[in-house]
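Student: Okay, here's what each chain looks like letter by letter:
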Amino acid sequence: MIGQPGVSESDEDLVALAKTGDRQAFGELIRRHRERVVGVVYRMCGDACLAEDAAQDAFIQAWRKLHRYEPKAPFQNWLYRIAMNRALDVLRREREGADVDDLPLASPNLGPEASAERTDLGEQVRRAVLALPDASRAVLVLREYEDLSYREIAETLDIPVGTVMSRLNYARKLLRTALAPVMEDL
Amino acid sequence: MSEQHITRWLEPYLDGELPGMRRRQVEAHLKTCAACRAELEDLRVLSALLQAHPQAPATLSAGRFVAQVQLRLPRQEKTTLERAVERGRWAVPVLLLGVWVVVLGIWGLSGVLLAAGEVGLFESLGLGWLIPTAGAGLWPTIDFSRGGGSVVAELRQAVDTLHWLVLIPLELLVTIGVLYWSWLVGWRYYQQHQSQTNQMGR
Ligand SMILES: [Zn+2]
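For the protein sequence lines, the chains are A and B, in the order given. So in numbering that gives the first Met the number 0, spot 132 of the first sequence is number 131, and the numbers just go up one at a time. So in numbering that gives the first Met the number 0, spot 157 of the second sequence is number 156, and the numbers just go up one at a time.
Looking at chain B on its own, in the form it has when it is part of the complex (with noise of 0.2 Å):
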């Protein structure tokens, strides 16, 4: 005998596992190799062995088992996209009614401050730092002293502060509006299509 044994790869030899190369140096040291025949005739037996038993005891008939299964099924667990859908479901038009608040008092705030800017308030009261002034504020502010000139200024002066004062509030409003509506539709299609499944799945 002149290789060692290959005892360490009988195993792998027996449940198919070693690549070509391998399995035919085991072959070619089997033939040669009656402890290592020995070895592998002892695994096979054990196999044949577990094989046989213990037989899996039968029990329940498939149909019975099945239907058992299938009376204690649960709802599904919802996927990840699903329960952040069910959560948004809430999140969403609260955030959106929140945007539409905080949009429409800054916006009537700024109205108010650029109204007392004009009548002189704030230098009445002592307040003169409060002025807004043009190009520095958050929200653009309208030079209700501008003009004076021709008619067309005039026109164009009154245009600039009802599309700053009325329409692009309006405008979100409108734009919120459509985004909550939408959400509210898309919402109930999901959930119709939600319950359809389930009772396909019924």
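Isolated chain A, as found in the complex (with noise of 0.2 Å):
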């Protein structure tokens, strides 16, 4: 039979032994992406649990579409285009189902070191972030956390480049002036 899959093999090999069914394979796969798949959604949708789940979510779904992926782009590419979906469906759930009061913005746990915590700066960029457009949010979330080019992101989103670079302008102009406070301190 096979052996364990090292790391010595491209994802494009690995892709190839997970289309037979094969989940030593994947689980390979996995770890090597699990962590910046968990990031994406992490900061589209701000919620550590929230942000586990989904990423899980995403591994699954594209195990079930694994036959649909064509290594034309990157592997992680391709993942990260599922993992998006999925932070956006967790997104909209989350506002179906919430108050207002309860908005992603606010912070899960609301004991006393959660109001200190408010004041932080990485609370603070973490708030504005949340805040921006959904669609805002993503492109910035590719180029700045996961560098990401203008084209990648574009096949990523299925949009045009020249939206890259006007979603990506207008999210900068809102951080910009949602942060101008802090980033004077700077």
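Please keep in mind that the hints were generated in silico from the structure rather than gathered at the bench. Where is the CB? At the ideal position from N, CA and C, for every residue including glycine.
Simulated coverage check for chain B against chain A, where a stretch passes if three residues somewhere in it have a Cβ under 8 Å from a Cβ of chain A: (1) 4-15; (2) 33-44; (3) 65-73.
Partial list, derived from the structure: chain B residues whose beta carbon lies under 8 Å from chain A: (4) 48; (5) 49; (6) 50; (7) 52; (8) 54; (9) 58; (10) 59; (11) 61.
Some chain A residues judged to face chain B by a derived CB distance under 7 Å, without partners named: (12) 30; (13) 47; (14) 174.
Reconstruct the complex from the two isolated chains, following the hints.
Tutor: If you want it as structure tokens, here you go:
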């Protein structure tokens, strides 16, 4: 039978194995991309627990749809697309089920540490990013956190490169306004 | 400051998306323009701020994450080919059986009609128009009244008759049978192959 898939194999090799139903190979793919997928989803929906669940869902969906993946684009970017869609689903569900005070903007835990956390720099950035429109945030996350090129972002989100640029510009404009007090101190 | 500001190129410049020519233009302008330098610096600060915050939270360990996902992995969606093969599993033999029944039926019927024509049944029933005419029907008709001459001709006619009435249906039957069994064997092989790859994946 086959050996344990190792670090030497490329993503494409592992995908080919996984397409034949090889769960070990897919496990290795999860191991490689977990952190970044969780990161993308976390930055999209701003909640660590939700992000972990959504990232798991994204991998499961990727496994189901694996036969549709064509190795034209990097596997990672294909995963990002699925992860983005999962994150947007999670956000939609959250917003539909949530009260006005309970939007994802609010920190999930409301203990005494939470209020202190809210004044902290990371928390301010988190909230500013979350306040962006979803479409702009998606572009920003892929550019600033995942270091994708405009073209890759366009392919991942299925939008024209011009739209990538305008959304990115809009996101940065909003963030510079929202974070102006913080940025002055830096 | 002779040139216009290059504000709209600053972001693509920062993102490393400008082609050489344009990049050199932007760099030349930045050397002379404090306003655009300040703008670029602002973008850099924002970028650094974003990349430092918020840190993605450390949650499950990699091992536990992978294990949890693997536990939840369902069967993979089948490819269109696989789905077609699975549907064809029933469609192909049924189709072949259908063809076989139709062929035998038509052959039998035409045999009966021919025989009936021979004994003059149609004329006696006033159905003379039903008499198959040579070359006009769907199936080649056999002229039973032909010959009557030499033994060789008699023999040839007998062989002809045998050929049309028995051999062709038999050949068809064998062909259909072979197709049917090779389909079954192919299907069996496909299933074994499938269950093997599934086990390997476990
Ligand atoms: Zn300028």
